[in-house]
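Which chain is which? The protein sequence lines are A and B, in order.
Here my numbering is used: position 240 in the first sequence is 240, and no number is missing along the way.
Every number in my numbering is 345 more than the matching position in the second sequence, counting from 1.
Source of the hints: derived by calculation from the structure; they are not laboratory data.
A portion of the hints provided could be inaccurate.
As the list claims (entries may be wrong) - Okay, the calculated beta carbon distance ranges per label pair:
no., chain 1, residue 1, chain 2, residue 2, range
1, B, T546, A, P37, 30 to 38 angstroms
2, B, F598, A, G91, 42 to 50 angstroms
3, A, P33, B, L579, 40 to 48 angstroms
4, B, Q434, A, T39, 15 to 23 angstroms
5, A, K331, B, T548, 54 to 62 angstroms
6, A, D319, B, T549, 42 to 50 angstroms
7, B, Q434, A, P33, 15 to 23 angstroms
8, A, M309, B, T549, 21 to 29 angstroms
9, B, L554, A, P33, 16 to 24 angstroms
Backbone N, C-alpha and C define an ideal beta-carbon position, used for all residues, glycine too.
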Amino acid sequence: MRPETIQITQLMKKYITIVLLSAFMLPSCMNEPQIQPNTYEGNFNSLWNIIDSKYCYLDYKKINWDSIHSVYQDSIANINDDVEFFDLMGGMLGKLKDGHVNLYSNFDKSRYWKWYTDYPSNFNSTIIYSRRYLGDNYRIAGNLRYALIDRGNVGYIYYGSFADGFTDNNMSYVLSYFRNCKGIILDVRDNGGGSISYSEQLASYFFTKTTVTGYIRHKKGAGHSDFSEPVEIKTPAHKTLQWQRPVIVLTNRMSFSATNDFVNRMQLAPNARVVGDKTGGGGGLPLSSELPNGWMVRFSACPMFDSNMQHTEWGLEPDVWSSLNPADESKDIDTIIETAVLLLK
Amino acid sequence: MKKVNILSLFFLICFIGSAQNSTEKKYALITTVNTYGLSALNLTDPYLSPMPYRGTGILYRHENRRFLSPDNTHISMINRLGLLGGIAQNPSKSASMIYLGTNFSWGMHYHFRPAKGIQLLVGGLWDMDFGFKTISRNVNNPVNMDLATNLNLSGIAMYNFSFLKRDLRLQLALQTPLVGYMFVPESGASYYEMFDLGNLTNTTHFSSLHNRRDFRQTLTLDVPFKHSTLRVGLSSETLKYTANDLVFKRNEFSFVFGYTYDLLIFSGRKNKAPHNFISTNE
């Protein structure tokens with residue numbers, strides 16, 4: 001090889017080395033958060049930190065999260081296996097009293113259910129599928145189950161999950177089917193939520209103009225009160241499908257999350273009333289994160305408010321309280337539906 | 346009628362040879378490179394997860410480079426399109442992140458020729474980076490985007506040499522952003538709030554070396570064979586950016602292989618092919 005070529009090759013080698021080194025050194029200047037080790041202690045700290053920095057209701061619920069750290073950290077030393085550790089962490093998350101908080105492992109899912117198990121169910125699916133209500137020949141549009149009740153005077157819709165969609169076309173058929181009715185009963189009892197988009201869409205059929213029905217904020221920093229400015233949540237009036245006669249929404253404690261959001265919207269619909277029990281709440285839009293051991297945690301991150309900037313986390317009260325009467329129940333009569341039928345007369 | 350004729354290097358060499366002899370019009374060739382690669386990926390997106398995800402991917406890159414004018418062999422124009430797709434897993438292998446990304450860049454280089462066989466190209470590139478990351482098990486934050494546009498410093502060093510009676514070309518291409526804008530969500534903001542409610546407050550950020558560092562480098566060797574020129578090499582990207590107290594990373598290290606060729610395009614009313622170029626349209 002010629003001396004000139006050798007010199008050039010050496011220069012290029014030197015240049016390449018400098019470039020490669022600087023490529024790896026430059027990015028190291030930005031500080032990354034420390035990742036906890038995959039140990040019980042590390043996973044505990046990771047979970048505690050996620051809630052401490054991202055959970056949105058610590059201040060609102062007056063939870064002393066620091067003291068919870070102390071209590072549960074002492075228990076880590078006595079852990080023997082993953083199941084025990086999972087139960088301990090699930091117990092810690094239970095202190096948040098939030099149905100939107102779950103810990104997911106390969107063998108279990110922690111949950112807080114007291115938001116409805118501590119209350120009467122006020123719903124009996126056997127009754128709503130009896131001849132008096134949906135019967136055997138009810139129709140299904142999307143996931144809306146509907147039938148005429150009270151001798152055809154009232155339209156009854158049961159919608160069991162906001163995770164299951166429906167289209168404008170579905171709703172067009174439903175409203176057309178009820179065109180001779182005095183009003184509609186929209187039953188969202190035992191509807192544990194799903195997509196807020198469906199909540200907005202379903203509510204839009206009962207509004208005549210775009211209305212601010214709530215607000216949302218989110219955590220923008222690690223502090224317990226580091227929230228963004230409230231953003232309006234608007235419920236639009238549907239452009240072509242508007243039910244302008246009375247509508248009654250039936251609720252119970254299992255009306256949770258997106259259903260809670262739907263009820264919050266419907267409280268401002270012009271011809272709507274809410275009948276039944278208080279909803280289960282779930283006003284915090286949940287996000288996800290994970291621990292070093294791969295377990296996923298879901299937690300409320302974005303608090304939602306009603307139109308008066310009041311939290312909806314603990315549920316929404318109905319306009320008319322009503323509960324299932326055991327004597328009616330024994331005769332396959334749903335007291336809450338009957339209350340709604342009376343209100344529509 | 347618009348005519349587009351793409352001819353191979355073989356015909357071009359013949360044509361240029363005859364053009365030199367007869368002092369006919371010069372033509373600026375388009376050097377095109379198509380490369381494919383296998384990548385090792387390292388992704389960190391704290392909006393989706395605090396954990397680093399590692400995996401593998403495949404990439405495709407297309408590059409065109411030509412002189413602005415055949416009479417000025419100092420300034421060339423370049424455009425690049427890159428596609429990268431991959432799957433990465435968290436350390437415990439309990440969740441996967443899918444990554445799909447594309448990068449388009451366009452710019453110019455000034456050519457220095459400090460010694461025989463050596464070219465140094467220095468210039469600037471404008472690029473748009475769009476990446477899509479998803480962890481399907483997440484709730485309300487299952488997706489995040491790498492969305493950025495930058496003005497980049499770009500350099501290419503080329504060294505032509507002979508080895509075993511073959512004319513080889515060693516090339517090192519470097520690219521790093523200087524200023525730009527990027528999309529970074531706040532850690533607690535849901536896509537529902539950002540895109541359904543339209544609250545994009547604090548999601549677009551001016552970027553420069555203080556908050557975005559990206560270093561792309563590709564070292565390749567072009568080896569001519571009887572009827573084709575193959576390219577093999579190594580490529581890497583080290584991207585790190587921060588905003589809203591979140592630090593994102595995308596590291597990719599790839600083995601690349603492909604082929605390169607020169608093109609001449611005849612198109613339009615004023616850029617017709619000479620009579621000795623045969624087109625299927627005639």
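Of all the hints numbered above, which does this structure not satisfy? Sort the numbers upward. When the structure is compared with the hints, only number 3 turns out to be violated.
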